[in-house]
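Each protein sequence line maps, in turn, to chains A and B.
If you count the first sequence from 1, position 36 lands on 36 in this note's numbering, and the numbers rise without skipping.
If you count the second sequence from 1, position 221 lands on 221 in this note's numbering, and the numbers rise without skipping.
Note that these hints are calculated values from the structure, not bench results.
Take these hints with a grain of salt, some might be off.
In silico lysine-lysine, BS3-like type, Cα no more than 27 Å apart, as pairs [what the hints assert, rightly or not]:
| id | chain 1 | residue 1 | chain 2 | residue 2 |
| --- | --- | --- | --- | --- |
| 1 | B | 95 | A | 2 |
| 2 | B | 15 | B | 230 |
| 3 | B | 190 | B | 204 |
| 4 | B | 204 | B | 230 |
| 5 | B | 12 | A | 257 |
| 6 | B | 136 | B | 25 |
| 7 | B | 202 | B | 136 |
| 8 | B | 95 | B | 136 |
| 9 | B | 25 | B | 12 |
| 10 | A | 230 | A | 2 |
| 11 | B | 136 | B | 190 |
| 12 | B | 266 | A | 2 |
| 13 | A | 252 | B | 95 |
| 14 | B | 25 | B | 15 |
| 15 | A | 252 | B | 12 |
| 16 | A | 257 | B | 15 |
| 17 | B | 230 | B | 95 |
| 18 | B | 190 | B | 12 |
| 19 | B | 95 | A | 257 |
| 20 | A | 2 | A | 252 |
| 21 | B | 202 | B | 190 |
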Amino acid sequence: MKAYLSVFRLRLANGLQYRSAALAGIATQFFWGFIIIMVFEAFYNQSPVTPPISLSQLITYVWLQQAFLAFIMLWFRDNELFQLITSGNIAYELCRPSGIYGFWYAKLLAQRLASAALRCLPILIVAVFLPQPYRLSVPVDMATAVLFIIALLLGLFILVAISMLIYISTFVTMSAAGSLLMFGVIGEFLAGMVIPIPLMPSWLQSIVNVLPFRLTADFPFRVYSGHIPKWEALEIIPLQLLWLAALVAIGKYAMGKALRRVVVQGG
Amino acid sequence: MITVSGICKSFKVAKRTSGVGNAVKALFRREYSEVAALNDISFSIAPGEIVGYIGPNGAGKSTTIKVMSGILVPDQGTCTIMGYTPWLDRVAYVKNIGVVFGQRSQLWWDVPVIDSFDLLRDIYNVPEAEYRSNLKLLAETLDLEDIIRTPVRQLSLGQRMRCEIAASLLHNPSILFLDEPTIGLDAVSKIAVRQFITRINKEKGVTVILTTHDMNDIEALAQRILLIGKGSLLYDGDLTTLRERYVEDSQSDSPSIEDIIVRMYKEYQIT
């Protein structure tokens, strides 16, 4: 446990030093946020029917997406780990008296936390003070805020568990590009990063709802905006825990398999 | 302490001749050939020994080290080190060993060396007092005081290698595997590394298994050598016997160790 905490701290400290990357990221995210909101605003003005999610809830959804990008993006990756696998430096990780799964999990978690820590506050603060209709609304009460934080953190754990599968697949494919692209495009679509899930057609929603991806982004954001009521949130949080346990179990099993037949080439 | 018996390991290598035509053919039917990296390797090593493990490139030295450090699972054979089977009891076993792969790095590239060391302390759960005293000893003998707060990316190869060796010894391992620890080092660094290996072997009784292509390393360090070629163990014995065996048919009176090794490679036809 101490080892996982230690690698977590080191990675966090390491990640917090990239200030200019964070600044550039913030600028990009504001740009994207405005564009997406303007597109939806145009759609909403022309819509003949009442949309399933209100514009202000949708705007909140978009700003939260931008602020917590590092928590929810599957393409956000640790090249060091890919290099470790493809170059054979994993030899050293295998000589350590700790499970590699937990070790990498801690590393990836710290990296995402560091990146989000630098970006989320400035974006949230600015977005709260923007003029209407671009303003990020605050949660209606304390209970909603607490539920949001729980849902967001559990979502982050699920996301890291999913991204571990990408790294494990690299043992077989020896190249990160394929699985990263596949997981990235499909996973983010299913998480509601492209089209918010409430706006998807109902047949698609029924597919999305049985998969874990929406629990990482769509679910916490809708809890925040109140689109998912509190009692429903309390029902879904156990589901998050269930998915987390299942994904970690799958990842550990797959990694055990991969390590049994690992071939450290060269030298 | 270390007993290896009958270890075999083969790798599957995809084969194809050059050219587009063959590449297209390989799309449909791929041919593999089995390369026997290790073929029935057996030896045993007593505590406190320094063993030089030599052989030409591609002989299977690194593969043996990887099997012994629990990284590779062999196809056949058994290996018992301090009561453990490395690849089965990996986590419990690796606490007792230190490994240096000369061609790879275990230090974090972007942070000062000391941060990597602190991380290793936590990974191996080394008590603080023990860690302090180990670090002090290592820093003195390997001359690390000035470089320990420098980020790894700014170190020279020799400085980095000294840090790598120190990193492998922070947890007081009783066995040290060194896979080409002197590769690419200048004379001063080489001698520093050699002196250090002798010293921890004498003072702490660490068993050392060392692969190298630098025969001076072997001459300076190893009482016993294992020669491997094409996956088979060809010679197991001490250096003086070997020298005497080849001294007669040599032109000069005292052939250098390199001469002897070359002659040996020729006799066993492994070059």
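Results for each hint:
1. B:95 to A:2: 15 Å, holds
2. B:15 to B:230: 19 Å, holds
3. B:190 to B:204: 21 Å, holds
4. B:204 to B:230: Measuring from Cα to Cα gives roughly 34 Å; hence the hint is violated.
5. B:12 to A:257: With a Cα-Cα distance of about 18 Å, the restraint between residue 12 (chain B) and residue 257 (chain A) holds, given a limit of 27 Å.
6. B:136 to B:25: Status violated; Cα separation ~60 Å.
7. B:202 to B:136: Given that 27 Å is the threshold and the Cα spacing comes to 18 Å, the pair holds.
8. B:95 to B:136: Status holds; Cα separation ~21 Å.
9. B:25 to B:12: Holds, at about 19 Å.
10. A:230 to A:2: Since the Cα atoms of residue 230 (chain A) and residue 2 (chain A) sit roughly 36 Å apart, the hinted pair is violated (cutoff 27 Å).
11. B:136 to B:190: 21 Å, holds
12. B:266 to A:2: Violated, at about 52 Å.
13. A:252 to B:95: Judged against 27 Å, a Cα distance of about 21 Å means the pair holds.
14. B:25 to B:15: 11 Å, holds
15. A:252 to B:12: 26 Å, holds
16. A:257 to B:15: The given pair, whose Cα atoms are some 26 Å apart, holds under the 27 Å limit.
17. B:230 to B:95: 31 Å, violated
18. B:190 to B:12: Violated - the C-alpha atoms of residue 12 (chain B) and residue 190 (chain B) are around 36 Å apart, more than 27 Å.
19. B:95 to A:257: Roughly 22 Å between the alpha carbons, so the hint for residue 95 (chain B) and residue 257 (chain A) holds.
20. A:2 to A:252: 20 Å, holds
21. B:202 to B:190: Distance of about 18 Å is within 27 Å: holds.
This entry does not satisfy hints 4, 6, 10, 12, 17 and 18, going by the numbered hints stated previously.
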